[in-house]
Amino acid sequence: MFGRGFNLALRGDVITLAVCVILSVVLMSLPEGTRILVADRLAMVLTSPYWKTRNFGDDVLKTGQENAWLKSRVAELELLAAAGERMQRDSDRLAGPAVTPGFEGDLVPCEVVMRQGNRFATMLKVRSLMPVDWEPWLPVISQSGYLGRVKTIINEREAWVELMVSPDFALGVEMDRTALLGVLRPRGNTFAVEMVGRDEDVRPGDLIITSGIAEVRDGEDGAEARQLTPRGFPVGVVKSVSSPTDKIFKEIVAEPAASFTHNVTVFVVLPWRDSSQAGETAGGR
Amino acid sequence: MRGFLRTTLIFLLTAFLGETVVAPLIDIKGIAPDFSVIALIILSLSAGPVSGTIGGFAVGLIQDLTQPALLGLRALCKCGVGFGVGTLRGRLVHGVPVVEATMIALAVLAHDLVFLLFQSRLIDESFLMPLLTRSVPVAIYSGLVGVPLLRLVELLGLLNPEE
Chain E
1 MFGRGFNLAL RGDVITLAVC VILSVVLMSL PEGTRILVAD RLAMVLTSPY WKTRNFGDDV
61 LKTGQENAWL KSRVAELELL AAAGERMQRD SDRLAGPAVT PGFEGDLVPC EVVMRQGNRF
121 ATMLKVRSLM PVDWEPWLPV ISQSGYLGRV KTIINEREAW VELMVSPDFA LGVEMDRTAL
181 LGVLRPRGNT FAVEMVGRDE DVRPGDLIIT SGIAEVRDGE DGAEARQLTP RGFPVGVVKS
241 VSSPTDKIFK EIVAEPAASF THNVTVFVVL PWRDSSQAGE TAGGR
Chain F
1 MRGFLRTTLI FLLTAFLGET VVAPLIDIKG IAPDFSVIAL IILSLSAGPV SGTIGGFAVG
61 LIQDLTQPAL LGLRALCKCG VGFGVGTLRG RLVHGVPVVE ATMIALAVLA HDLVFLLFQS
121 RLIDESFLMP LLTRSVPVAI YSGLVGVPLL RLVELLGLLN PEE
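For the protein sequence lines, the chains are E and F, in the order given. Heads up, the first sequence is in our numbering, so the first residue is 1 and it goes up one at a time. Heads up, the second sequence is in our numbering, so the first residue is 1 and it goes up one at a time.
Next up, chain F with everything else stripped away, as it sits in the complex (with noise of 0.2 Å):
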């Protein structure tokens, strides 16, 4: 129980404080790391694919709120997201850096991909460029960003590669 309660208070607090405070300040010329993806991560990673996708869904329909035009997508995308990562946690190697910086910017760009294939029938939004331009930079810095803080989490003891 003590687990669960730190696990989801460093989801919570990586989410929003990432987004809310930390991203505003390593922003690059609009390129930030997508903390709420990041802890999505941290969260299926340590408590499995059940929490990540309740999670990713919550997170995902907050983050829905700001654009009701598309409310329910970022909840699809990352309860998605917050499953497949869950459901392979068992399957990867952990504590190497390469792997888990890969994993990390690929959830980001299949979650990218998703939205971005939505959005673009919903709104007529185009689709490619903003994938190339925005989706993959986000992505690599995610994948930067997220090592050090997976192993923050490693390191509180909430992530137990035997389970």
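This is chain E alone, in the form it adopts within the complex (with noise of 0.2 Å):
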């Protein structure tokens, strides 16, 4: 009985055997045309589907970060190009050339991987695509405008944000339409500007960007002081206007350029000295 069932069970397994080298014979006895059209066929149903998904999930990766490169280059060419007009307008007003027309220094591109918010501050995890050589104090900006500066660095590609909604940001601000300088700071859900004379041309509508001027900040190791913060970053919008008659500032309202709550990309800012040592850290694009 032992005998009968293991040549049973032999048979069995020597007819798969079998069954399995004839058609491996087969095939590879088949003429190379043969061979490559049988190879392709069986491929489009073993195997495409596989490579069809892999590829796309690798090109939807991919997609995000050249979304991200193609956002910092068009952001870098929106905000040179605002520059260049800023310069005419300075030298028609015979402003320039003391002051600076505005953006100079590389954007690079950071995912936001998390969001903090508390009484003191509110801070966005950024991570960079690239190793950058990065301080504190750095602008981070977005597509529609200024976010706020690196305030904590972990490493050479995450550090933490602090917005400009945080309750003790301040921020130096210029009337992109009449150059009058003023401070921003947040209050409550929205921006006042303050620090600008009850008698100057304020109105709704007007933009608000980076003076460049109020935030000179000691470099590291008593390195000479320098201004972290260029000109000509969008800030905001004025949204309303007053003057008091018991003050001489006037009460400007401001409504800010960027999102606070929905940001996946967003740029640091880097100066122009550091472009280079960039470049050598971030290996280029």
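Hints were generated in silico from the structure; no laboratory data involved. Treat the hints with caution; some may be incorrect.
[Unchecked claim] In silico SDA-like links for lysine to any residue, alpha-carbon gap of 20 Å or less:
1) E/62 <-> E/157
2) E/151 <-> E/260
3) E/71 <-> E/260
4) E/239 <-> E/145
5) E/52 <-> F/20
6) E/71 <-> E/61
7) E/52 <-> F/19
8) E/151 <-> E/172
9) E/239 <-> E/253
10) E/52 <-> F/16
11) E/62 <-> F/21
12) E/151 <-> E/169
13) E/52 <-> F/63
14) E/71 <-> E/83
15) E/239 <-> E/190
16) E/247 <-> E/199
17) F/29 <-> F/129
18) E/71 <-> E/143
19) E/52 <-> F/66
20) E/239 <-> E/255
21) E/125 <-> E/64
22) E/151 <-> E/129
23) E/151 <-> E/123
24) E/62 <-> E/128
25) E/52 <-> F/65
26) E/52 <-> F/17
27) E/52 <-> F/21
28) E/62 <-> E/264
29) E/125 <-> E/261
30) E/52 <-> F/67
Relying on the hints, combine the two individually framed chains into one complex.
Right, dumping it as structure tokens:
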């Protein structure tokens, strides 16, 4: 009985093996053209769905990064174009060339990986697509405007960014139309531009940009003071203006240009002098 | 039925993830374990020679699709390995790492021996050099990596030495 069962099992095994061997030999002995055709047809059924899915996934992942690079390039070009126009305007009102026209530097695209808000600060954790030689106070912008500045560096790829909605935030700003200077501070859900004289020309709808003046900080280890936030990043738009009779400054309410609640890609602005180093650390694009 | 499904799933996962994900990660100068053979041994030991033969043929055929000039060759080698290991499973000493590692290494070597023998005739490739410089290191590496995988499969209750 044992022998019969053993033989039956063995016969089944051998038949399976024989079938597989015959199939293999048939495939091997096909003419080369037919073999390639058969392989191609089989691949369409057996492996093509996997490769299609995998390539699609790769493309989707790469699209995110490519999109971030393209956005940074577009933002750079827009900022340079705005700086050119501003230089022209400064020249027309004889303010240049003592006043810098605006953005000069390098935008590093970063993805927002975390958001944290508390009563003292609202922070974003950002991850750069490449290693960055960054430092605290570097400005961070989105495509629509100024967002905040680098607060805490975690490593060469990650850092925490303090948003300008944080209660203690203050930023030197300028009215783009008139070149009037002021200081922008958060006020609840809106922003106020302070230190603008009551008789100055400010209208609702005026674009507010960074002035680059009120933020000159000492470099590390006693290095010379330098400007970290360049002039010209859009900060917001004047929403309402009033001149109370008992005050010497205007009360200007502004709406931010950038969204602080939904950001996928943001850009850290590296100073121009660091661009070559940034290129080295980043390995270029 | 459930055991068969689990065995098939482990076989597919080991072969697929091993070859596409793990092997590139633990690759040492181009030498990586042959996870398809390891998976085939797992299948043959747990499900027997019929499953081993069919599984080996299927995996070999899928691998052959990337090299149409050799269509059918890996399928032939692997169905032979699957049949051999499946037939020998009742005579092997289970639970001894040296035995298992040797079995895996020999299976890889046998597979490569047949493969290179046919390949050298079919497309005039050399035989001895690839066998010594590629197959032997891969066989040793596969033996080392395969033993923990077999232990894992045994822990999952898929290897039944009593059978």
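Is the straight-line distance between the alpha-carbon of residue 151 of chain E and that of residue 172 of chain E 20 Å or less?
holds, 17 Å
Quick one, are residue 52 of chain E and residue 19 of chain F close enough, alpha carbons at most 20 Å?
holds, 18 Å
Holds or violated: residue 151 of chain E to residue 123 of chain E, with C-alpha atoms at most 20 Å apart
holds, 9 Å
Just to be careful, I want the Cα atoms of residue 52 of chain E and residue 17 of chain F compared with a cutoff of 20 Å; is the pair within it?
The given pair, whose Cα atoms are some 17 Å apart, holds under the 20 Å limit.
Run the distance test for residue 62 of chain E versus residue 128 of chain E: straight-line Cα separation, threshold 20 Å.
Since the Cα atoms of residue 62 of chain E and residue 128 of chain E sit roughly 15 Å apart, the hinted pair holds (cutoff 20 Å).
Has the given pair, residue 71 of chain E with residue 61 of chain E, been kept, meaning a C-alpha gap of at most 20 Å?
Status holds; Cα separation ~16 Å.
Can the restraint linking residue 125 of chain E and residue 261 of chain E be considered satisfied, given a maximum Cα separation of 20 Å?
holds, 13 Å
Residue 52 of chain E paired with residue 65 of chain F [C-alpha distance capped at 20 Å]
Holds, because 15 Å separates the two Cα atoms, which is no more than 20 Å.
Tell me if the straight-line CA distance from residue 151 of chain E to residue 260 of chain E falls inside 20 Å.
It holds: about 16 Å lies between the C-alpha atoms, which stays within 20 Å.
Is the hinted pair residue 151 of chain E and residue 129 of chain E satisfied, with a Cα-Cα distance of at most 20 Å?
holds, 19 Å
Does residue 52 of chain E pair with residue 20 of chain F here, judged by a C-alpha cut-off of 20 Å?
Holds - the C-alpha atoms of residue 20 of chain F and residue 52 of chain E are around 15 Å apart, at most 20 Å.
Next pair to validate is residue 62 of chain E with residue 264 of chain E; report whether the Cα-Cα distance is within 20 Å.
holds, 15 Å
Figure legend: structure checked against the earlier numbered hints; every hint is met.
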